[in-house]
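The primary structure of each chain is shown beneath.
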Amino acid sequence: MDAIQTFKLTRRFNSLVAVDGIDLKIAEGELFSLLGPNGAGKTTTINMLCCLLKPTEGTAQIMGYDIIKQPFKIKQTIGVSPQETAISEHLNSWENLALIGKIHGMSSDEVKRRSGELLEVMGLMERGKDRVGKFSGGMKRRLSIAMAMVHNPSILFLDEPTLGLDPQARRATWEHIAQLKERKTILLTTHYMEEADFLSDRVAIIDEGKIVAMGTPRQLKANFLKTRTMLILAENITPEIMQGLKSRYSQVKEVGGKLGISDENLDFRELTDYLHSNGAVVRSAALEKPTLEDVFIHLTGKEIRE
Amino acid sequence: MRFWEIGNRNLKELYRDPVALAFLLGMPLVFILIFSFAFGGQATRPISIGVVDEDQSQISAAFVGCLENIPALEVASPVYKSQSEAEKELNTGGLSIYLLIPHGFGKAVERQQTVDLALAYNQVDPMLPQRVMPMVRAVALEFLNIPVPLNIELSQREAEIKDEYINYLIPGMAVFGLMILITSVGGIMVRDRVKGFLSRLMTTPARPSDFIFGYTLPFIPVIIISIATYFGVGILVGLSIIGNIGLAFLILFIIGICCMGIGMIIGTLAKSEEQALGAPWIFIVPLVMISGAWWPVEQMPSVIKGIAEALPFLHAMDACRDVVTRGASFTGILPDLYWLIGWTMALFALGIVLFRRSMAR
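Line by line, the protein sequences give chains A and B.
Taken in order, the first sequence gives residues 228 to 533; the numbers are from my numbering.
Taken in order, the second sequence gives residues 539 to 899; the numbers are from my numbering.
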């Protein structure tokens, strides 16, 4: 049985289609990332899977339970770390963890033992008795993730787990998530390419509510390797030249003031010759090493970070 | 017992924020002190005394003149001609004490016979006769100038109502003060929603009723302490409760719960903390005004009176005032109580429906 399966999952807000007929299958024990820019529909998808939002069309199953018909069953099996840090500021870490544990029906002893483990893993034990309102952003995030796990859920939803953290804290949080990976099914959303690349077993790239590509990070990049992209900074690009480029190459995009030209087995010399002979002045040209970001740009024609 | 866990958390959130808590619990105190200072001040005022001059002689008129010269006394004007008028005032609380100058006063003075005077008072201030008696005796002796047998008869009446403004004011202030629960309950809910904490709780197996109770129960001690403050400090500044204080407490307690219900609805509907904390005052203040917190609603236009009567606040104030000033019984205030309980139940039902909807939009 798949841990998570969605069937044409759709959510509209008035005329806006936030999530547009998504079909996903996530196996038990997999760490799956939804990668996309802000507003792509990642959080809406997670909120539907956590039974916080009802789908407009389609449905999904979590561990075989239907999100529309059996939300209570699902809530017993999942743990969620929302995008907002969502901790109780006047409580200490132990109390925050105990709150969630006890709502899930755990005994005081269980809660204590489990909280101790988690605080240790998340590196929060030393400040466990301090009120969490005074914690740094990274510590709050780590506590938030621990709160999602205190009742030992079989599925973990992490919505932007490193949002707003500095690179060092982000790296540390990744390490913590990586430690959990073996034991849980995790669905993570992010708009950081490196994060998806570093953590995920599989990635789905989502844009404007649709999944535009899915696979392991390696697969996604490998598929992309066949096509090569040149980033060119050039002057005197006339509409005629653009027209010519578009007829010769599979993809021509303007990205951050540069021309991104992609094609299978793209020939660098041929491209620059064409530009020169038509009067354009090439200032710089570089062959792109493919990253997930390239995959994203290639697929959607836009940069992921605005 | 999931509601207990949520309630426990909210209790900690509430009571570990000293500034917010001081504001919440200190407000009744500040309120009462400001208002009783502004409108009360009975202690330093001269004693208001009615005078009935049945004798209608020059001598009795001169005696009244002497009384009027005493700074510690304020003789109510006009001087009554018959005892029944003064009795009526005493009975309705318009007067707390009056002096009767009977027929034959002037003649008795002229003939140097025993002079009879009578003081009648109601229960508003039991200390009053003891303060007034020596003053009247002193004035009389001074006036007569020669030792004449003087007999002052004291008698007590049961007044039906107590019309001291403080007794009118405190129930109104208490209801107004308890309305802060609207923004307190609404505020904590919206804060948790904006910060995503409520979403987190909604992904747990907690039910709507767990949230409703979890977010309201922690405020029960606030209601109890607030009411106790209104009555306790109220008594210190001159409030006297004729009826059953427990009954008065119950009425205010129910309106407190009712306000939490409104808070819950606002907490569910408001989009931001500013909305939840600010917007309610736009209707709270006018509502309190038209519900007769400071002045009676009788003089208001019938439309406004109708609105006030449809809402629960006027009923809470009226019922509480009836108990405080008239000693109304449980059955006496039952119609108001039904109204209050009806509103409270309806608001909570609506709150649960709205909250349930917000859980899966």
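Heads up, some of the hints might be wrong.
[As the list claims (entries may be wrong)] Listed below are several chain B residues computed to face chain A (Cβ distance under 10 Å; list not exhaustive):
1) Met539
2) Glu543
3) Pro616
4) Lys619
5) Ser737
6) Leu739
Derived from the structure by calculation, the hints contain no laboratory data.
All C-beta atoms, glycine included, are put in the ideal place defined by N, C-alpha and C.
Status of each hint after checking the structure:
1. Met539: 8 Å, holds
2. Glu543: This hint holds: glutamate 543 of chain B lies near chain A, its Cβ roughly 5 Å from the closest one there, short of 10 Å.
3. Pro616: With a minimum Cβ separation of about 64 Å from chain A (threshold 10 Å), the hint on proline 616 of chain B is violated.
4. Lys619: Check failed: Cβ of lysine 619 of chain B comes no nearer than 69 Å to chain A, outside 10 Å.
5. Ser737: 5 Å, holds
6. Leu739: 7 Å, holds
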